[in-house]
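Asker: The primary structure of each chain is shown beneath.
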Amino acid sequence: MTRKPRTSTGESLYPRLEPLLAQVQKPVQYVGGELNSQVKGWDDVAVRWALMYPDAYEVGLPNQGLMILYEVLNERPDALAERTYAVWPDLAALMREHGVPQFTVDAHRAVGDFDVLGVSFATELGYTNLLEALDLAGVPLHAVDRDETHPVVVAGGHAAFNPEPVADFVDCAVLGDGEQVVGDVTDVVKAWKEQDRPGGRVELLARLARVEGVYVPRFFDVAYGPDGAIAAVTPNRDDVPARVAKRTVMDLDEWPYPKQPLVPMAESVHERMSVEIFRGCTRGCRFCQAGMITRPVRERTLQGIGSMVDRGLKATGYEEVGLLSLSSADHSEIGQIAKELADRYEGTNTGLSLPSTRVDAFNVTLADELSRNGRRSGLTFAPEGGSERIRRVINKTVSKEDLVRTVTTAYANGWQQVKLYFMCGLPTETDEDVLEIADLAVEVIRAGREASGRRDIRCTVSIGGFVPKPHTPFQWAGQASAETIDARLKLLRQAINSDRRVGRSIGLRYHDGQPGIVEGLLSRGDRRVGRVIERVWRDGGRFDGWSEHFSYQRWTTAATEELARFGVDLDWFTTRERTEHEILPWDHLDSGLDKEWLWEDWQEALAEEEVADCRWTPCYDCGVCPTMGTEIQIGPTGRSLLPLTPV
Amino acid sequence: MARQPEGPPPPPTVQKLRLRYAKRGRLRFASHRDLARALERALRRAQVPMAFSAGFTPHPKISYLGAAPTGAASEAEYVELGLAERRDPEEVRARLDAALPPDVAVLECVEAAEGTGALADRIDAAVWRVELPGVALAELQPAVEKFLASGVVTVAKRTKNGLRDVDARAPVTSASAVDEAGCAILHMVVRQVTPAVRPDDVLAALAAVADLRPPLPPRAVRAAQGRLDDTGAVADPLGPDRAARTRCQGEHAAARPAEPVA
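Heads up: the sequence lines are chains V and Y, in that order.
Heads up: the first sequence runs through residues 1 to 647, numbered per the working numbering.
Heads up: the second sequence runs through residues 1001 to 1262, numbered per the working numbering.
Check before you lean on any hint, since a few could be wrong.
[Claimed, not checked] Below, simulated DSS-like cross-link-like pairs (lysine-lysine); rule was C-alpha separation at most 30 Å, straight line:
| no. | chain 1 | residue 1 | chain 2 | residue 2 |
| --- | --- | --- | --- | --- |
| 1 | Y | Lys1016 | V | Lys314 |
| 2 | Y | Lys1061 | V | Lys26 |
| 3 | Y | Lys1160 | V | Lys26 |
| 4 | Y | Lys1061 | V | Lys314 |
Derived from the structure by calculation, the hints contain no laboratory data.
My request is simple: use the sequences and hints to build the entire structure.
Answerer: Spelled out as structure tokens, the structure:
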């Protein structure tokens, strides 16, 4: 008998947790019971999911992806889903001292008792928090050490498009949209359990590997060449596909989730309700992984959006609705959406917001509608590159004149505060490209003062280091070193401060270069990087996205010591430019993008050539639609918002 | 000059409602700010017609009175709402109670009576009940006696401006120990002072004077708040509003012709 009896009862750990809560910071984040949360009976379902966002509760709770899957799974009568988040070190220490394992916040059940642990990685900086949670849960860190009594650890989210750095720690990674694949995974787990777990854990993973979009790293062997690069990635079973393709949900109106958004008692990073108005983006910004891996564009219709906003506001009591997407002003009906929603919520102090607006898609009418019933706080634009030249390289083309004119118009129409987002360390970038940000900001303030007749307008420049990402044309680029980033940011700061009369109206917010290098290692790393992550976690690394917890020294030491045996190092993974035919760690994972097209687009970037959006110009053969059997779904539908039915 | 939003000013407050609510169970771990956010959202879900402040960032008119600390439960938290339309207080109570999480209970709602003064002026003390799991009455009793017999008991308290020494003895007007099912319970009345002396500070004082160190975290419940009277009891802060209302109804009744008694 190798199989241990399954003894999990789904018993609540709360009585053991409660005495610890009196001793920690912000205890309310661990108690659950949020508005619209659900607890189902442990024995009433066949398959139990624990869904983790591997960061603090205040960051994880508003995450749309997790909220959607939580509802989709809980709507199934044969499944339940509960949530768990990274616990802060103060509670983690007490949990270890008192033997309390990682728990879900819904019913305070032990994470180790669940069938599946789904972890959503929006950023790679959550990897050490996964290891911490596994360890607290009593689940072996390494997938190969787990048996049938342990949950299947599934990674999802954008970072799962290169899960190789965490390949040792996860059992599967799911590529693409999660709404449908979680149901398929549930079906497989349910059938395997009902058949009394034939073939043990390996058979379950083999069955999962045959689900479209599910990648099981252990079924692939990676060989390395003498130069340190990957020589081959080959499946070691003949019953799993050699390439894993992402999942794509078509017709967003059929998936109006979250229907009942969770409302936390504790403060969170987004104090608003969000409605995803479309998914995907074909603007073609070359740095943007999200825009590349979520193609094609699929719009929710005006009516679909209207009913989600109505239902969500009633269910939550929020006073602000964020209209989310990768570039919300690009929705084919955005003007009508903003106007008709503003009409509907006239006089209710309900605000609408877009996360950020493209300079070329902004107009005052739209901005006026968005702020009609709410707060006219600030506007955010993301030119990303400081000079017109670098904006051609990244394919986010906007002329300096247009930028200044747009921002000036905003000031003239009563906005006092404009935020501009930039990146530093873009491919081909020079000091001059970055210094143009200062010129731009100065000109924006000068022209804005003149146009508005006010001196109290402000412009905040927010800038961080660029990290090349997998499945983008910049996946071959050499990342700028932390020293380069820091030196350019210093020059920019000096340039902004050199003219004090204008400079005091300009705020500069920046992130220094070191965390970006670690993110770069984790983004484009391969399986050898897993040793570095584990070492950093063993040395105390947690919450790497938080500056007060991040230690660059801990990462560089671990990288040096753990990678030396392979003849590679931190620079090899980050600042090194890749050649055309190098096998990249994620080449066997299919986002639909044709690698040859990506390379051509990279060459065009270097030649400072632009590519237009395929929504409005002919297809440029990125490869996604034919490979995935998908198509662009956009309006306008020509319909109007339906009147609300009285309650 | 500060800019003003276009359009007419928001409608004024036409009715003030005063609420007593409880925070219990898991939500004793909610902070004052957490509860304030939850209340504002619940008011929207319950469609209570709140009055709003003017300006670019209108806020609903809500006045909070000194909240129980994070980690302490309470049966007596008070808040005052300004409404832009009149509503039946009991209806508001019921709707709000239904819209709030189960561990927050809206216990009373009365209309503020004119001329009876501010709610804040009717609260200067709190009644606390502190459960001390793992502590026997035989340990707590002498500790409380020793504490009460002390003139001044200084404890270090963490405040916004760092650690500060405060006297935990003076604000405690009464304290007693009882036993319930083998668990010692500390009852006490504590006056409002600045910086506030809370159950944690009194427990620190018991540790200082009698070396009482509970093996498990104590559980504090604020049982009541109000004005300390001469007998050492606290008066119901909503009493004057209720009394004025009864008086008012009585006057109406008196003005009507007497009805025949069956």
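Asker: Please go over all the hints and tell whether each is borne out by the structure.
Answerer: Hint check:
1. Y:Lys1016 with V:Lys314: Holds - the C-alpha atoms of Lys314 (chain V) and Lys1016 (chain Y) are around 25 Å apart, at most 30 Å.
2. Y:Lys1061 with V:Lys26: 27 Å, holds
3. Y:Lys1160 with V:Lys26: The given pair, whose Cα atoms are some 16 Å apart, holds under the 30 Å limit.
4. Y:Lys1061 with V:Lys314: Answer holds: Lys1061 (chain Y) to Lys314 (chain V) is near 21 Å, not above 30 Å.
Violation of the numbered hints given earlier is absent; every hint is satisfied by the structure.
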